[in-house]
Structure formats: C-alpha cells, structure tokens
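Could you build the full structure based on these sequences and the hints that come with them?
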Amino acid sequence: MKHVLEGSHAVSEAVRLARAKVISAYPITPQTHIVEALSEYCADGRMDARFICVESEHSAMASCIGASSAGVRTFTASSSHGLALMHELLHWAAGARLPIVMAEVNRALGPGWNIWMDQSDSLSQRDTGWIQLYCETGQEVLDTTLQAYRLAETVNLPVMVVLDAFFLSHTYEPVDIPDQQSVDNFLPSFVPRISLDQENPNAIGQMAPPAYYMEMRHSIQMAMQSVLENFIEVERAFEKVFGRTYGPVVPFACDDAEYIFVMAGTSASTCRQAINTLRDKGLKVGVLRLKMFRPFPYQDIRKSLKNAKKVIVLDRNCSFGAGGIFAQELRSSMYVSDNHPQIYSYISGLGGRDITVDHFFEMLDRTRKSDYPDNESVWIGLNP
Amino acid sequence: MNQSIQRQSPNNVSLLISQSRTNTLGNKTGTWRFVRPKYQEKTAPCSNECPLGVDIATVEMFASRKDYQRALQAILMENPFPAICGRVCFHPCESACNRQFLDQSIGIHHIERFLGNWGLSNKHSQINYPRLNGAKIGIIGAGPAGLSAAYFARCLGYQCDIFEKSDKSGGLLAMGIPSFRLPDHTLTGEIQRLNTDGIQFNYKQSITMDQLDTMGQSYEALFLCCGDALPISLNIAGAMHTIDGLNLLRQIRKHEAPVLGGTVAVIGGGNTAIDVARSLLRMGAHPIIVYRRTRNEMPAHPHEIDAALDEGVVLKECLSPIEIQKESNQLQMRLQVMKSGEKTNKGRQIYVPDGNHSETMPVNHVVSAIGAEMEIMWRNDQWDLSMSHCQMKNKSDIPVFWCGDLTTSEKTVTHALASGKQAAIAFDILKNKGPNEIHSLCHKLEVGTGPAMSFEIYRQGKRKQRSNSEIVNFERVNAAYFHNIPAVQVNRLSQDTCLDTFDEVISGFDESQMIKEASRCFNCGICNDCDTCRIFCPEMAIQWDQNSRHILMDYCKGCGICIAECPRDAMNLEVEP
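Read top to bottom, the protein sequences are chains A and B. When the count follows our numbering, it moves up by one through the first sequence with no breaks and lands on 385 for the last residue. When the count follows our numbering, it moves up by one through the second sequence with no breaks and lands on 578 for the last residue.
The hints are simulated quantities; they were obtained by calculation from the structure and are not laboratory data. Please note that a few of the clues may not be correct.
Said to hold, decoys possible - Chain A is nowhere near these chain B residues, computed Cβ spacing over 10 Å in every case: (1) THR30; (2) SER65; (3) TYR130; (4) MET388; (5) ASN437; (6) SER513.
Unchecked claim - Label-pair restraints from in silico Cβ distances: (7) A:GLU89 with B:THR25: 18 to 26 Å; (8) B:GLU575 with A:SER196: 36 to 44 Å; (9) B:ASN479 with A:ASN376: 54 to 62 Å.
Said to hold, decoys possible - Covered, in the sense of this in silico footprint (three residues per stretch, anywhere, with C-beta under 8 Å from a C-beta of chain B), are these stretches of chain A: (10) 150 to 160; (11) 199 to 210; (12) 222 to 233.
Where a beta carbon is used, it is the ideal one built from N, C-alpha and C, also for glycine.
In structure tokens:
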C-alpha cells in the first residue's frame with residue numbers, strides 16, 4: 002500500500018520489515034529520523050528487536066559487529082562525521098565478513114559545519130570492503146534496503162545503502178510499503194554462515210600471520226567480484242515478488258546518445274529533465290546513473306557508454322588534488338576499452354548547493370566546445 | 002594457535018576468516034601490571050552519621066534481597082532495638098544519604114522499622130548470647146542507656162544486674178514517648194530480647210550515690226544510666242499552676258492522666274513539648290506551644306514539629322512566660338515578647354526581651370516542658386576516663402561509668418543506646434587490656450569520622466576488613482548506574498482518624514514497599530555482588546566461585562576498569578607491592 006513517506010522513514014520501514022534483531026546507532030543529522038522511528042518500533046513492540054543506545058558511532062558499529070558475529074540481522078545508520086568515526090570498524094566489519102546493513106545519508110564534512118548533501122563521507126569509505134548502493138527515490142531506498150540484506154547475507158559482505166541528505170532523506174514521496182508476508186517470502190530469516198556458538202566456543206577475527214592474511218584479503222576481493230552476479234540474482238527475486246527492478250547502473254536515453262552524463266544520487270532526476278529539453282532541441286544526450294559504486298560495475302558502465310563520444314561526469318565530491326572521485330573511477334574503467342569516449346569531469350553541488358537544469362546545460366556546452374578534457378575537474382556553480 | 006576456516010556458500014562465494022579454538026590462558030597479561038585492584042569496602046555516609054554506626058548499606062542490601070534474617074542480624078550487631086529506633090530515632094542517616102543528590106534519600110528508618118517488626122513477629126530476633134564469663138556488672142536504670150549497656154555487656158559475656166526505680170523497663174521510652182509514636186507491644190517486644198540468663202531485672206530499686214560503695218563489693222563495674230530524672234520547673238511567679246510535661250506523658254501512658262480540656266499552653270521547644278501537645282490534641286484539648294525563640298531554634302526534631310503542626314497544634318514563637326495568674330477557672334499567662342539578638346560564638350541565635358512588650362494569653366492549663374536534668378547526687382566533674390558518649394570514675398577500686406543523658410551532649414534515645422554500647426566496650430577493654438589501651442583501641446572501632454563505634458569491628462567481624470575511616474561521598478558513587486526513582490511514601494493514619502486515638506500515626510511499609518525502598522539504596526562503599534567488575538573485566542580475570550569474587554593476578558593487567566565501573570566505590574587501585 003502506498004504511503005507518503007520521507008526517505009528516512011522508507012529506510013526505517015524496510016528495516017522493520019526485514020526483521021532486524023539488533024539496531025545500534027548514534028544520532029546525527031540528517032540520519033536521525035531513521036533510527037528515531039526504529040527506536041519507537043523497538044519500544045512499542047512493533048519490532049522484536051533490541052535497540053542499543055551507544056555513546057558514539059564507533060561503538061554503534063562495534064555493537065553491530067558483536068551482534069552480527071552472534072548471528073543476528075543488524076542495522077545501523079550514520080552520516081558524515083559519524084561515518085568517519087566508524088572508519089576503523091568499517092574495515093573490521095568487512096574483514097570479519099559480517100552481513101551488516103547500514104543506511105548512510107550523504108552529508109558534508111566540516112569545517113565549516115555543514116549538514117547538507119555531499120558525497121565525500123561515503124566515498125571516503127570506498128576502500129573498506131563495503132558494498133555501496135546509491136539511491137534516487139524513496140521507493141528505491143526501501144527496496145534497496147530489503148535487497149541489501151539478502152545481498153549481504155549471500156556474499157558475506159556489509160552493505161551501505163546511500164541516500165542524499167534532505168533531497169532524499171527529508172523529502173516526502175509516495176512509497177509502496179510491502180506487506181510483511183511478501184517481504185518474508187523475499188527475505189527469509191537469516192541463517193548465518195559465521196556465528197559464535199556457546200556450545201562450541203571459538204573466537205573469530207583472530208591473529209592472521211603472513212601465512213594466512215593474504216588469502217583472507219583475496220577472499221574479500223573474490224566475494225566482491227561475485228557481488229554483481231548475486232545482485233542481479235537478488236534483483237530478479239525481488240522483481241518476482243514486487244515487480245520492481247533497478248540494476249547496478251540505470252541508463253536513460255543512452256542507446257544513441259553522443260553525450261552521456263554520469264552521476265549518482267538524486268541529481269540524476271534533474272539531469273533527466275535537462276535531457277528531455279535537450280532532446281527536444283535535437284541533441285543526442287543521455288544519463289547513466291550509477292547505483293552501485295562498490296564493487297564498481299565496469300562491464301555495465303562500458304556497455305552503457307560504448308557508443309558515446311563524450312562522457313560528462315558530475316561529482317558532488319572532491320578528492321583534493323585529484324578531482325571528482327566518480328570521474329577517476331570512470332576513467333580507469335574505460336581506459337582498457339578500445340575507442341573509449343572522452344571523459345569530462347565536473348564538480349558541483351557540494352555542501353548541499355543546488356544543481357539546476359541550467360548547470361547541466363552549462364556542462365554540456367563546455368564539453369561540446371572542448372576537444373580534450375582539462376587535466377583538472379571543472380567546478381560548476383561557484384559563486385562569482 | 003590460530004586456524005583459518007573456509008566455508009563455501011551455496012553459490013560459491015569465497016569466505017575465509019581467522020578463527021581460534023584455543024584459549025588465552027597462555028597469555029599472562031598479569032605481567033603488564035604495575036597497579037592492582039583490590040576489593041576494599043568503605044563506610045557509607047549514613048553509617049557515619051548514625052550514632053550507633055549501624056552498617057546501613059549492608060542492612061539495605063539484605064533487606065532488598067528479602068533476606069530479613071541477615072538484615073536484622075546486621076542491625077542487632079550494633080543496635081539492640083530496631084523496632085524502637087525505626088520509630089523514634091531522629092534518623093540523621095537520611096540527611097546524609099547519597100541518594101538525595103540523585104532524587105530523594107532512602108527511607109532508612111521505615112526499613113529499619115519493618116525489619117524490627119519482622120523480628121518481633123517472627124521470633125527471629127533471638128540473640129545467641131555467649132557463655133557467661135563469670136564477671137558481674139551492675140547497671141542503674143533500665144532506660145535506653147542501661148538496656149543498651151546490658152545488651153552489649155551480655156554479648157561480651159558479662160552477667161548484668163539491672164536496678165530500676167520504677168516497676169517496668171524502658172525509662173523514657175516507656176514513660177516519655179506517647180504510644181502514637183511507640184506502642185507498648187513494640188517496646189515490650191524489643192526488651193524481651195534481653196530476657197536471657199545473665200540479665201537480671203530488679204524493679205522498684207532506687208539507688209543513691211551512697212549505695213554505690215556497698216554495691217561495688219558485688220560487681221566489677223557499675224553503670225549509671227539513670228537519665229535526667231529531675232524536671233526543670235519554670236522559675237516565675239505562679240509556677241505552681243503549671244503541670245509537668247514529662248509527668249503528664251507518664252500519666253497518659255498509664256491511663257492515669259487528669260482531664261485537660263480547653264486551651265492548654267505548652268511551654269518549651271523540645272520533643273517533650275511536641276509529644277505533650279500532640280497528646281493533648283488526642284485528649285480533645287487545644288494545645289498552643291509557646292516557645293521563646295523561633296521554630297528554627299527548637300531542639301525538637303523537625304519531622305516531629307511538622308507532624309504536630311500538621312495535626313493542628315498551634316505554635317507561638319518569641320514568647321517567654323513571666324507570670325501566671327489564676328482567675329476563677331482560667332489562667333492568665335503573661336508573656337514577654339522576645340526578639341533576636343546577637344549570635345553565640347557557636348552560631349546559635351540568642352533571643353532577648355523586646356523591651357517591655359508583653360502580651361497576655363488566657364488559657365485553661367499550662368504545661369511546662371522545658372527539659373529535665375540529672376539528680377544532683379550524680380553530678381561530677383572529675384573523671385578517670387572521658388569519652389564521647391560516656392565517662393568513668395574509679396570509686397572504691399571499681400570503675401563507675403556515667404552513661405546516657407548523664408553525659409551525652411545530645412539527649413536522644415539513639416545517643417543513649419550508643420552510650421551504653423561505648424561504656425560496655427570500654428569496660429571490656431579496661432578489664433582485659435588495662436586503662437591505657439581504651440582510647441587507642443576504641444579509635445580503631447570508629448565508623449567513618451567517629452565517634453560512633455562498631456561492635457562488629459570489636460568482635461573482629463567482617464566489617465573489620467573495611468577501610469572504615471573512608472567515607473564514600475556522592476562524588477565517589479558511579480551515578481551512571483542509577484536512575485531517578487522517587488522515594489516510597491509511607492502509610493500513615495489519615496489526619497481525621499489519627500486524632501481520635503493514641504494508635505500509631507505511621508503504620509510503616511508493607512513488604513513490597515520496603516523491598517522497593519531498600520532496592521533504591523546505592524549500598525555505598527560495600528560490595529553487593531552486582532557483578533559489574535566481573536562483567537567489565539576485559540581479561541576475564543575476575544572469577545566468581547564458592548560465593549566469592551576473586552581476582553586472578555596472572556591475568557589482571559591493572560587497567561582499573563573494574564574500579565572505574567564499580568557503582569559504589571567498593572574497590573581500590575593500589576600500587577603494585
């Protein structure tokens with residue numbers, strides 16, 4: 002049944018329906034609404050789960066690691082500085098191969114203090130071994146959170162479901178909340194592959210000397226390499242029950258496009274509007290939205306971009322000294338293709354600044370006029 | 002030591018993690034240690050304030066566990082009369098309670114009263130007195146001090162002969178406290194505890210100073226516990242028209258009181274004045290307490306003053322009687338108006354006559370309750386031993402101890418009980434170790450900052466292992482472990498019904514209320530087996546077996562987490578020896 006929900010509560014509903022057993026979190030804007038709702042569900046009995054209040058995000062993730070090691074479905078949510086504080090334990094969760102699901106609301110890092118949309122926080126965690134899935138709508142947030150549990154539990158890697166601060170987390174949209182039975186059909190109860198056992202005591206995550214460690218890291222990479230096919234499997238199963246599917250990348254008008262915008266998150270909606278206008282003018286443009294960032298879906302990207310002349314990457318982040326992070330990843334993934342398109346890197350919309358249709362026109366205009374991309378990312382929408 | 006496990010999932014996803022089934026016993030983290038934790042119990046602020054030094058934290062711990070037997074034994078170790086003290090003590094423990102800094106103090110006296118009642122109704126309060134040691138002592142007076150001296154002396158093996166002027170035991174408890182505060186059956190039930198071979202009560206035996214020398218031939222020591230038996234009378238014109246307050250209370254207790262109706266002025270500001278006024282209310286009179294200072298200076302306990310005013314007693318402040326004239330059926334009492342003057346160097350406000358201002362109060366009766374003093378024959382100011390709650394003078398080669406109201410600065414039942422305890426212990430030390438050891442040994446028995454002494458420490462009980470002089474104040478309590486729980490309200494007779502009867506006003510806690518209230522206690526300074534230390538120990542070096550907790554020094558790395566977490570400061574960190 003459809004409800005008008007804010008994006009944050011789309012996550013909360015999914016976690017409730019997924020029957021998570023342990024939730025631990027520390028409040029931080031713009032994530033707080035997610036766990037606020039969940040704490041109420043735990044308190045009033047709508048969820049049969051334990052909500053662990055902690056003194057920091059570091060402890061929140063530690064609690065999830067403990068609970069997941071004990072073999073139960075767990076959840077946390079964070080943003081920005083909170084996610085940064087979790088950093089050490091994000092490595093641990095992945096290395097311990099625990100299927101923890103986290104909602105991460107993209108927010109800028111200070112100073113200056115800024116609570117608005119920015120991708121720097123999640124992208125700073127790209128090397129921790131977490132699967133990262135970026136969403137565009139409230140419905141996608143709910144669906145992806147449900148899928149995230151099944152995916153995480155299949156490949157034994159943690160999943161970060163990423164949503165834009167305010168543009169998605171605090172925006173109300175009609176969202177179809179599925180019934181519990183359908184969710185149970187799609188997501189059966191968790192059967193852990195790793196769990197502590199009082200009858201058969203053992204410690205996990207113990208010392209791994211040089212003779213063992215490398216194989217364990219290789220195993221994470223192998224698991225990451227299996228994510229894409231498993232994600233497709235999960236989406237197929239999801240589609241069977243709910244009739245919706247998204248894909249690791251979401252192309253729009255890309256088939257015959259000469260110019261293709263690439264980005265993640267809600268700015269893709271604005272971009273599609275720009276493309277409709279541009280198409281009306283006879284320009285062959287399209288947009289490829291990246292849903293999956295880790296693992297990086299090379300094959301799907303190459304397939305979607307193979308006919309483009311120029312690719313326009315929009316980053317709401319900056320790796321200082323190297324430019325937009327999506328652009329870097331895209332360059333490296335396209336380099337091995339023959340006749341790969343030129344890749345133009347643009348940075349805009351940091352710290353919650355609006356990205357408008359005009360900004361996309363400007364990016365296209367600059368790209369069309371330029372024979373070769375600049376060395377450095379071009380910043381769009383800076384104050385004069 | 003380590004192994005890795007590889008498990009295949011149904012869809013062949015690689016999963017390789019490290020796992021160990023060996024334990025960590027080989028890792029002797031104790032070698033890292035340069036400080037070590039130690040279980041070190043301390044004194045709770047309530048015990049420090051208790052004139053008897055009762056181990057209140059332990060009492061509340063057992064009470065909250067419904068282990069009433071041990072809770073009661075813990076009280077009886079220091080105080081023979083919990084059912085009495087739960088009713089009449091001024092409970093300074095509650096003013097010191099650390100819980101007041103979180104929400105409200107524990108209702109310690111209500112819990113004590115419940116335990117005392119439990120002991121009386123279940124006959125669980127029998128004392129296992131030791132064999133008599135052959136030595137005999139004589140005790141003059143069967144009031145609180147004398148009964149306490151007999152109890153503790155008997156617990157030390159002495160045969161006690163008590164000589165009481167009246168025909169029953171209890172002294173002020175029996176004669177000076179009305180039954181709506183202390184019912185007869187409670188008093189007699191508690192005194193029953195002293196019914197044992199080796200304690201002999203001799204009633205209607207009035208002893209004078211002259212008889213002491215003769216008595217000295219039969220006893221190894223004498224204890225003077227006669228109390229302040231001489232009422233202080235008003236020294237004004239018309240004083241013969243006043244009724245003595247203490248005597249009136251005694252008559253009421255014996256159902257021999259004269260009928261007193263109409264307006265009755267009660268002169269005085271102590272507990273006797275309050276008790277007289279509340280009794281008069283129950284007899285249908287309209288009592289007015291007339292006090293020469295203000296309520297703030299009244300020596301009566303504030304909760305007693307509150308109770309009296311709540312019941313409808315009128316208080317007139319800053320008035321001092323100067324003359325009483327009898328006019329037909331009425332008395333005209335002329336009162337000097339007083340005003341505040343300077344303060345004494347002890348900080349007490351002095352009141353002086355406000356010029357010639359006076360007023361006249363027509364009343365039907367005047368009751369004088371301005372105090373009592375010792376009989377002149379007991380006056381003495383040269384001592385061979387002077388202690389906080391008793392004094393001793395050698396007379397005809399035997400020690401004579403002045404106890405209770407004869408020596409204590411604060412004249413309360415609890416101080417009198419403490420006096421009897423101190424005198425019994427002091428005599429035992431005197432007899433066994435000689436006079437020079439008394440002060441130093443007694444100092445070791447002090448609870449907190451003293452002067453309260455612990456009989457349990459003297460008997461080499463578990464309490465001896467405590468750091469008794471260390472007091473756990475609120476800053477030393479780990480308040481993170483406690484949340485706000487309001488104090489349990491005690492049951493009491495309604496305002497309407499309580500004035501029709503001399504029945505007890507406060508009916509006390511029922512069992513569930515008592516447990517709830519005792520569970521609020523922080524148990525400051527003592528280990529109540531909460532197990533927090535063991536749960537938090539990162540090396541699992543704290544072990545629980547055979548009903549005790551001990552620290553495995555092979556593994557304790559001296560991190561101090563157990564001490565930081567202990568909610569009640571029952572552990573210390575010490576430099577490694």
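Unsatisfied constraints (hint numbers, rising) | Violated: none.
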